[in-house]
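J.: Go by the hints and put chains B, C, D and E onto chain A.
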Amino acid sequence: MCGGRRDAVAGRDAGGVRLGRRGERTTESNMGLIESLKFIWLFLPNLMPREFYELGVMAVAFLAVVIFITLMVLFMVWFERKVVGHMQVRRGPLHTGGFHGWAQSIADTLKLFLKEDIVPRGVDRPVYILAPLIVFMSTVVAYIVIPFSKSLVARDINMGVLFVFAVSSVTTIGIFMAGWGSNNKYSLLGAMRVAAQIVSYEVPLLLSVLGVFMLAQTLSLSGIVEAQKHVWYVFLQPVGFVIYVIAGIGEVNRLPFDIPEAESELVAGFHTEYSGLRFAFFFLSEYANMFVMSSMATVLFLGGWHGPVLPGFVWFLLKAFSFMFLMVWVRATYPRLRVDQMMAFCWKILLPLAFLNLLVTGLVMAAV
Amino acid sequence: MPELKTDSLFINMGPQHPSTHGVLRLGLTIEGERVVNVFPDVGFLHRGIEKLAESRTYIQTIPLTDRLDYVAGMSNNLAYVLAVEQLLDVEVPRRAEFIRVIAVEMSRLASHLVWLGSFANDLGAMTPLLYCFREREDILDALEILCGARMTFNYIRFGGVARDATPAFVEKTRKFLSTFDKRVDEYEELLTENAIFVNRTKGVGLLTREEAISYAVSGPVLRGSGVKWDLRRDAPYSVYPEMDFVIPTGETGDVFDRYAVRVMEMRQAARIIRQALDGLPEGDFTAKMPRVLKPRKGEAYSRIEAPKGELGFYVMSDGTASPYRVKIRAPSFINLAALPAMSKGALVADMVAVLGSMDIVLGEVDR
Amino acid sequence: MTPLSQYLALGAVVFVIGLFGVLTRRNAIGILISIEIMLGAVNLNLVAFSRFVETSTLNGQVFSVFVMTVAAGEAAVGLALILALYKSIKAVFADKFNILRW
Amino acid sequence: MTTAVFLIPLLPFLGFALTIFFGRRMPGNVGAAPAIATASISSVLSFATLFYVISGRAVDVSYPWFATGDYLVSIGVTADPLGALMLVVVSVVGLLVEIYSVGYMHGDTRFSRYFAYISLFVFSMYGLVLANSFFLLFIFWELVGICSYLLIGFWFEKKSAADAGKKAFITNRVGDFGFLIGVLMLASAAGTFQFKEVFHAAGSGQFTPAFLTVATIFLFGGAIGKSAQFPLHVWLPDAMEGPTPISALIHAATMVAAGVYMVARCFPLFSASPEASLVVATIGGITAIMAATIACTQFDIKRVLAYSTLSQLGYMMLGLGCGGYVAGMFHLMTHAFFKALLFLAAGSVIHAIHEQDIRQMGGLSKYMKVTSLTFLAACLAIAGVPPFSGFWSKDEILVAVRQSGNTTLYVLAVAGAALTAFYMFRLYFIVFAGGEKKKAHESPAVMSVPLAVLGVLAVCAGWVGLPWMKTNIVSFLTGSQAHGAVGAAVQAVHGATAQLQAHAGAAAQGVAGAVGEGAHAAHHGPDYAVMATSLLVVGAGILLAYATYMKGWVSREAFSKRLPLLYKLLYNKYYVDEIYQALIIGPLVKLTRGLSGFDLAVIDGAVNGTASVTVILSRAKRWFDLYVIDGLVNGVAWLTQLFGRVGRRVQSGYVQQYALMILIGFGAILIVKFLR
Amino acid sequence: MNWSELLSAPLAFKMLAAAAVVFAIGAVALKNVFHCALSLAAMFFALSGVFVLLDADFLAVVQILVYVGAIVVLMIFAIVLTERITSASVRQTNYLVIPGVLLCIALLAGLVSVIRASSWPSLESGPQQDTIKIIGRQLLSTHVEAFEVASVLLLAALVGAVFLGKEITRK
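Heads up: the sequence lines are chains A, B, C, D and E, in that order. First residue of the first sequence? That's 54 in this note's numbering, and the numbers climb one at a time after it. First residue of the second sequence? That's 2 in this note's numbering, and the numbers climb one at a time after it. First residue of the third sequence? That's 2 in this note's numbering, and the numbers climb one at a time after it. First residue of the fourth sequence? That's -3 in this note's numbering, and the numbers climb one at a time after it. First residue of the fifth sequence? That's 2 in this note's numbering, and the numbers climb one at a time after it.
Since the hints were derived computationally from the structure, they do not count as laboratory data. Predicted, not measured: the structure shown is a model, and the values here were computed from it. Mixed in with the good hints there might be a few duds.
Unchecked claim - From chain A, some residues computed to sit far from chain E (all C-beta separations above 12 Å): (1) ILE120; (2) PHE166; (3) VAL295; (4) HIS359.
As the list claims (entries may be wrong) - List of simulated lysine-lysine pairs, BS3-like, C-alpha gap at most 25 Å: (5) LYS32/E <-> LYS203/A; (6) LYS162/D <-> LYS586/D; (7) LYS167/E <-> LYS91/C; (8) LYS32/E <-> LYS97/C; (9) LYS167/E <-> LYS97/C; (10) LYS88/C <-> LYS134/E; (11) LYS88/C <-> LYS15/E; (12) LYS162/D <-> LYS362/D; (13) LYS32/E <-> LYS238/A.
Said to hold, decoys possible - If we take Cβ atoms under 8 Å as the criterion, some of the chain E residues that face chain C in the derived model are: (14) ALA18; (15) PHE45; (16) THR94; (17) VAL102; (18) CYS105; (19) ALA118; (20) TRP121; (21) ILE136; (22) SER142; (23) HIS144; (24) ALA147; (25) LEU155.
The beta-carbon is built from N, C-alpha and C at its ideal position, and this holds for glycine as well.
Extracted from the complex, chain A is given alone in its bound form (with noise of 0.2 Å):
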């Protein structure tokens, strides 16, 4: 019993990569060393106070998750850049690093860390402050309940969809923090742009998944990969699917919607004040963002880490990029839609469709 409540409190399990703690979900290697680590893992609670120890993994997972998530979108943004690069018959990066400019994100960042760090006067300081590390952890939880494969997962909670769109729904607040807190009005019209779509696009977002819940029956992440074992639910749900794409590269505010940061309206929207590390920390949460929403898209419809003779993670990275993919697709073929526009779109053709599209399927499950 008391086992169960304490887990209950820091967050159960709360390991990082699960390297079963317990044991009993172990499936990985049987090496030499990692069998040490796992000894000094198990016995590592024994040494301190249990919060302490709760405490202490839940920051080591934590790290874990924000180091991989930094090359990840170190890799993004190069990928990204090359994929624009050649739709645009252009290059993209080409001489950092040596091969095809690898190590230009790199490169960028370290510049970005070593740039003087600016609070401009008149801001509301600490809101100022805070802001791109709300963005950035609001983002980075999410990551948590992500299933990379059916073991690489940190935490597989039994709401895990429910967990990643409320978590991302903080990212809200953060941006509206940095728009109010810059005191600047392009940041402050930018905000309330942001506010105004993302709170429009959760809606049909969250509808468009409801079909897939409904097929699923579960909300666990792991659980509805499971449920594709044998087809993905993109094939039963391509409405839902379509809908999920719109409304998903609305959350994430990238061409056609990238409307609150439309550069060439409101000059960067809610981050034009920010710069250096701050600023790197919005353009990382943008980046982690639309990985987010391409790991959701692969784990709802694209079947997860489903697929044969490669490893599930290499099979959910892989669907996951494909899904990057089409997003800086879109983002190199469209302009951008107007505010008005957006949400007409939003309110009066993909919550319609999304509604309909939960109809069918209620009416469809019904008749089976």
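T.: Coordinates of chains B, C, D and E only, in the frame set by chain A:
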């Protein structure tokens, strides 16, 4: 949410802003997202070209004109040269006239391409910009072969042009033209057939025919509003009367019409260049001119259909080696006056589209 | 294990803080914020009871779902009202909304 | 299959929703598309259901809906032979009428609204048919009534139409009141609304006979209203103010049959109570003969048909009342087809010459071939000429009545048959034969095709009840089917499947004869005496009509001249409306007048008298008032003002201060409570 | 209630409770309304942490989704529309502070004494439950009427809010 307005907000768009294409300041009064008032504030790039000309000789003024509309320098050269030639009473050789037409139309293409790319970029489509610059690169390469410069040409001179058009230039131009029409089709596929683009531009920034005339706008902005007015046909100069081309016009005068007019003009310009290349006569590329130019006392006004509209040069000579007074009628400047009329009730995003559709160049606005 | 009484005490403290806010904030939005705090405290009590008493039906959790629904509706209408008032009297302070006084 | 059965009513509802919301945006005839599309799918499903039921299975599902007190109200459908038969009738007639209406209503300003109403009606009718509990039955019963009201008054700009709608609605309310009482009596006694359980309770003798009789008679009250039986029949003729397709669909074929259907559905109850059955039979008989006599004297084509409908409904009731469960339903089915046909044909005529008075018509067969042919087929069917459908079903009823042993009713029934033949052919001869009065033209295909389809049905629908066949509608409805054989019989009649056409084609007669030999023990064989009688009287009726209106051997005015009083009585429909006016409405009006007079004279007088007394008294009091009371009052006012001046400080307008006060008050109450 | 018990409570509860109280105080006491709204969001986060402790993980997530994702955003919207960053200097409390404090302390004392006086059931060690499933069942069976009424209420609120918002533009 844009409907949820409370107080009106005043924001400065520019002088440093990504979509003012230079140092234009727009004072916007907005309520939520809706623009209730806009006034353009110009003069940040004032270089006093008109005044400078008074202390230069006639020929030294030509390079100054290159800096007016710096994406279409040839047109500025031609307009100025035509004005001075009226005072000089010089006979321009036929070959030179043809080369001038080719050069000016190439400049028109370059200008429209820059406009198209940046306009699409203003609307958020990044790709057309790079496509357009790819085409423009070819044009600039060709012009480089012609006169050695890529942007500040200083090419069209009194009595003719600076250098002859070499076969290399002709070949390069033909090669460029052979692919150009297909490329324009490609842009139209990317934009004209794109629902988002059409939604962003149709019915936005309306300028009625009457308003257009009363604001004295010219060029594609005027034609977009449905007025069939083109100086190449209505006040012909050079050898344009020999060319066969169509003057495209719009219907409603919205952003889309202005866009469509320019795209169609690009096709027509290519057609004119082809005709000019085919009919390029042999002969001198310049008339015999004295070393020191001292035009007769008097005044002259010339106007041509520049890419942006009617570009006019008023030159007053007192018989000395430098002009007494030069006044430039810059199309961008006059067109800009119609901006508040066009952007009544627009959203902030529409402002960008409207401003982009006017195709202003600040070098010309502020002079 | 944390006993029920401590959850209830936390609920009471948060509730009273919210009440204090309702009584003393001048800003109407601040009052709404305080009301949300009170509702949050109520939710806490409901959930605590549902954990400790009659665990199988989770009635307390269901009730707090309803409380959240009501809170959402209240926030939407309340804020719309405040904005409407702001439009007419250019202030959001509750002590400016006193045209109903003698 | 359950899903399909659920879909049958839901599809028209979808059509209704689509049309009512988006109909106005649909141009031209498109407004009819959702209605017709959904109705067609439902029809297909209905037929599927019929064959499913024929194959010996049934659908009967219920889902709990909500519970009030001890009652668990469930929502569910049942598709048994009775329901399936009715489904097919409703769907066929409904679909054909909708198609017909496209032509008839073409160009009407509320074209789409019309189709929305029809869809709603079809939905309700399906619901009514499929309902498996009294509760649902009542809901759809009322929905059907609403639709009827809406559609009768569809051209509400016409005062007469609006009045007719109101009349129908109010008259129906009287019957429905009885129905509701009956339902509630049964439900409260049986503890459930479910048919099955109520019937079971009745069958197991759970109710006392007297209770059962009263309850069923109340139930029958609903049927009287809805099926326009004798005392409440007055609304139906007036309902002809609605569009003619509506008359065909609602006021001839389906809705008015709902009463009959309900009686058939509740047959276990009625059969358990002989008294109630007798009431049903008597009311049916009276209605049948009364309406038939009236029909002989009317001149409005639709009214003639309306009275004919009344008469036929009376027949059905008569059949049911005499224990002819199958007979009644069989006649309901055939009647639905030929009566719909008659109305639609009449509509075609009206559409063609814009005239309803038959005295203005004549010789139309020359212009309207399809219409007159189909009309003739329907006339033959309704008159009961073999082998047309009406003959077989009417024969069943006559047999049932005869077997019940009630001679009076039997005579009434036979007389009714003769009259039916007479007035129908009177109508036919006047309208279609003889000299032409007006030029006309055939109606468009969209109208004439349904006519033709219904014509075929009017001829053939009766063959499912050939008494020689072993497996016919009788065995189907009474539930003792031999699967394959029944399927073969029914399908042969409908000529549906190729596989079975071989059998059918060989010789329907032969098959029928063969199985007829071993006629089902549960049912009688053909009763040739009855057949002969009915043929005889029908022949006489037709002959009389022919003689009078075709050849003129008998003067048309002969009857009105010879028996002017009787003619006047009939022409004025037995003065029922006037009697109602005199007996119910008049007295009510008088009573209210009297009450108002009483109010004016006595009560107002008293009041006024009191007033004058008061005036005198008050004068006396004035002095006292002025000097004694005012002093007090002013003093009180002064005090009030004093307190007010102090107290208004409390009314600051600050919400939060109020909240604080409330809290303090709350605390005070708590303290008081705890200190006690 | 025993105060020493509080000290023995698990660290997580202590931390979350402290955070909830601190942020709640922040939400009612900060001068800048924008900060108040942020503090409110933080308090809801802490409360949803407490919900997790109470095995109400569904509610914890929904709380974040509804309060932080929607209600606080709405409030911030309203704040942004009505406030300027500089208006933080305006007096934010009314003259009821002192009576308010007194009253609240009295109420708190009353509540705490009642809580201490009562005896509460101790934790039943119920098996780990699938809360979503149970809540879903409950919502659509036992409480279905309330559920429907709640949906109507939301709709009414939505329409009302839109109407009021429209009123603003009409002028």
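J.: Compare the structure with each hint and give your call.
T.: Hints, verified against the model:
| no. | hint | result |
| --- | --- | --- |
| 1 | ILE120 | 24 Å, holds |
| 2 | PHE166 | 27 Å, holds |
| 3 | VAL295 | 24 Å, holds |
| 4 | HIS359 | 24 Å, holds |
| 5 | LYS32/E <-> LYS203/A | 50 Å, violated |
| 6 | LYS162/D <-> LYS586/D | 22 Å, holds |
| 7 | LYS167/E <-> LYS91/C | 17 Å, holds |
| 8 | LYS32/E <-> LYS97/C | 18 Å, holds |
| 9 | LYS167/E <-> LYS97/C | 23 Å, holds |
| 10 | LYS88/C <-> LYS134/E | 45 Å, violated |
| 11 | LYS88/C <-> LYS15/E | 44 Å, violated |
| 12 | LYS162/D <-> LYS362/D | 39 Å, violated |
| 13 | LYS32/E <-> LYS238/A | 22 Å, holds |
| 14 | ALA18 | 5 Å, holds |
| 15 | PHE45 | 6 Å, holds |
| 16 | THR94 | 5 Å, holds |
| 17 | VAL102 | 7 Å, holds |
| 18 | CYS105 | 4 Å, holds |
| 19 | ALA118 | 10 Å, violated |
| 20 | TRP121 | 4 Å, holds |
| 21 | ILE136 | 6 Å, holds |
| 22 | SER142 | 10 Å, violated |
| 23 | HIS144 | 6 Å, holds |
| 24 | ALA147 | 6 Å, holds |
| 25 | LEU155 | 5 Å, holds |
Against the hints set out earlier in the document, violations occur for numbers 5, 10, 11, 12, 19, 22.
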